[in-house]
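Engineer: Protein chains in written order, with the working numbering: chain A, 8 to 265; chain B, 8 to 265; chain C, 8 to 265; chain D, 8 to 265.
Calculated from the structure, these hints are not laboratory results.
Selected chain A positions facing chain C (in silico; Cβ < 10 Å): (1) Gly-19; (2) Ala-21; (3) Ala-23; (4) Pro-89; (5) Pro-92; (6) Val-96; (7) Val-105; (8) Gly-106; (9) Thr-113; (10) Gly-119; (11) Phe-163.
Yeah, the Cβ is synthetic: ideal placement off N, Cα and C, and Gly gets one too.
There are 4 protein chains.
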Amino acid sequence: MTGRAAPAAGDGPASAAADWWATAVSRIEPGLIELRGHPVQDLIGRIGFAEMIWLMLRGERPGAHQAALLEAALVASVDHGPHAPSIAVARMAATCGVGLNNAVATGVNLLGDVHGGAGEQCVGLLEEVVADGDAAAVVARRRAADKYLPGFGHRFHRRDPRRDPLLGLVAEAVAAGVVAGAHLRAALEVERLIAPVPMNIDGATAVIYAELGFPAPLARGLFVLGRSVGILAHAWEESGQGRRNKGPIPPSILPTWL
Amino acid sequence: MTGRAAPAAGDGPASAAADWWATAVSRIEPGLIELRGHPVQDLIGRIGFAEMIWLMLRGERPGAHQAALLEAALVASVDHGPHAPSIAVARMAATCGVGLNNAVATGVNLLGDVHGGAGEQCVGLLEEVVADGDAAAVVARRRAADKYLPGFGHRFHRRDPRRDPLLGLVAEAVAAGVVAGAHLRAALEVERLIAPVPMNIDGATAVIYAELGFPAPLARGLFVLGRSVGILAHAWEESGQGRRNKGPIPPSILPTWL
Amino acid sequence: MTGRAAPAAGDGPASAAADWWATAVSRIEPGLIELRGHPVQDLIGRIGFAEMIWLMLRGERPGAHQAALLEAALVASVDHGPHAPSIAVARMAATCGVGLNNAVATGVNLLGDVHGGAGEQCVGLLEEVVADGDAAAVVARRRAADKYLPGFGHRFHRRDPRRDPLLGLVAEAVAAGVVAGAHLRAALEVERLIAPVPMNIDGATAVIYAELGFPAPLARGLFVLGRSVGILAHAWEESGQGRRNKGPIPPSILPTWL
Amino acid sequence: MTGRAAPAAGDGPASAAADWWATAVSRIEPGLIELRGHPVQDLIGRIGFAEMIWLMLRGERPGAHQAALLEAALVASVDHGPHAPSIAVARMAATCGVGLNNAVATGVNLLGDVHGGAGEQCVGLLEEVVADGDAAAVVARRRAADKYLPGFGHRFHRRDPRRDPLLGLVAEAVAAGVVAGAHLRAALEVERLIAPVPMNIDGATAVIYAELGFPAPLARGLFVLGRSVGILAHAWEESGQGRRNKGPIPPSILPTWL
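So here's chain A without its partners, still in its complex pose:
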């Protein structure tokens, strides 16, 4: 079972079209929906949403402990308040006469290298430390180019309240043999080397994603899925408040105009 769309047999262009859009993610035929090889009716009611995310991205179901780690990382990422650009723009979009989906898309569109990319970059850093074996050398090399290390430091929280519970779950998973722990150790070693700059949410979730074996770009992808929840919640709240064309600054301070 490959999960690939079956090409239309015996016809050049139709077969070429099928190949062009072939995928291992899903297979759809009349009366049939297979997701990563599983008939959808075997999944509904039998698999959690976080497990489904794992299955869709990786092609196989996670173990229960793996799914729990992923779930914790997603839960931790949903929101960080209305002043995050991604949330603010979604709220503004919700007042401009576009669909709720357009408001969510507007927010997600801002989760770029600077706003949503630190987790991805931190997975890369942790992989580099694990591969190199010498955290101090990696940190020195990185800091020669950029004083900021992705996943460490926060201009707002002195200590991010999400760090400890996330790392605690990883430590438990290491103790239980669910994950190997090399990336957790790498992250803690980096944190020690650059003390007192603490690991932030991007760092703590990067540890989880790296331990679970997600490639670095999916750290951003998973952050998108998690943060979409907050983006939707904020856009929905804003849409119920009756504002039109909400600008960034209240009209009582600066006039809002178009």
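Take the given structure of chain A and dock chains B, C and D to it, following the hints.
Structural biologist: Below, chains B, C and D alone, put in the same frame as chain A:
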């Protein structure tokens, strides 16, 4: 505890700015992250992702059975193959040199009234049937204006394989007293009246969302969250295949150009 | 000359694919680019950008006076300051590590029914007045449903400085026989009836677009093209200022976070 | 005249908010709209749209010959057929129940590094050749890293019909002393060195933008403005054809589904 950002005390413009961006969704202060009134560290590891979605959208935690229904609807919505416009455009975007978040946003942006709105419209239909009490009258009225009823019929599947397991879960929830069942009965009555046109995925998930008490627009919002998983999975798969500027038709049939 | 892509001859699926993507806008073959039937090399250096917009949207070249009116409307629409949601979100996007095109797309995405739709709605109003012949009746009917008339009134400018020069150009065009003047008269009659609420930029450009014969939805489309210039200018300026993850409120008033 | 928004006098937070959103692009006060220091009423009817683009991006008005070169580059960029991903996705979006602005934004969102970035990269290449003085050395260095040079070669046109008229206009401008010609010479030298690979549209417009002194990233910005015209024209045409949820492949070849 209101979850509202505390305004800066005693200062007009700063207070106005805080009010302008006030929210009941989250409260962020140095060292503190509250989501719907819950410190984030009390949520991480203790709440599932689907429960978290409910909490963020509605301000309270769901019961376990309610969360399971929501989870089933989300799982059922993740993907329907690469020919859905939302998926196709995300795959194309992934070959154009934009971030993975931009590819996901591109797909979500297409979940408009026609592509992603049937669930929302079907919740409205079911609410109308429940409020009116006469399904036949509602169907006649609706069909006088439009032969299609949102949530019913599929140009592809004669019988959508997602219908039965979703409605089965709702029936169990009714039997267990978790939900009241009025919207399920309304949907089945409509389906009977317009036989042999069957309920589709939008209809079946609309039954769940309506039974769970979500306002109609959130049926689209929740569909966005579910479908984002498939959009991400497809964009990620495509990004690993090395194509550049993927057009809709393979070059072997029609040349691709820019 | 039809401008349609020639279907691949004699092959069912390839021909069907060509038909599916057939267009009268452009025809592309190796060594050949035709835009609305004109070889591109006959256009470059011989047609202005505003004329090109007209040609692409309508399939024929405008007269010089028509093009001048369109050009004035586009020029008048480029910007109304950084507090317009479309501009603000583009500036915020430009600090989040996405491409300049993504920042522009983010701004354009907000030009929805409320933010960018008044011109389109005002063309509809003017067409209704012209068709009905009784402006007072139309105004009364409209105001019974909604006290605001699209294209009239401004919460910021008592008198929009763009109104007079735009209407002056239309009046000249009427005098010169370039346009008929019915929609200008309709707009002035409505303005008189609801005095002292003045025509705003959406109303004045709607007069131009209606006089030039653009269908109402293209009033929004043209506004998108005009405002894209301001969106780009602002995103570009912001990208040169070194901010990262710019939130709506300065950190000195409220902390910015992610 | 600075073009900066006047801060609210004598109030800390309000002044900080004004500073946070300060801009040299436009100044808006009740009854006043200044664009790059020019009252809007002095621009309407007196400046072309391409000149306005220049003014907004650079803060000063172009000369007539400079504006003509910019106009030619914009005209040449508007469209390259419905198989370009940016155009295809906008057409698909237009069938999904979103606004025309959302369809345009969807297309613009795809003009990333691979789809819309070659002009920007080619300006960089030309600047490097001009700065280095040794085209052969630059080409050798570049090709050691990547066999493709941005702005050269086309997988579809053997000779792009837009190349000659664009370069011809630049040559005239050099002869007239409007531009210096160094970047034109650099591009022709590169083309000679890598013959028979010809300059493409990205290369020819890059010559114009570089000769006119636009920084490299604005080559992409200007391409966005030009291509938005084609995106709009295609989305508008598609919206008149009554399709719903248009997929990439016609249902006669492969079923379209959602």
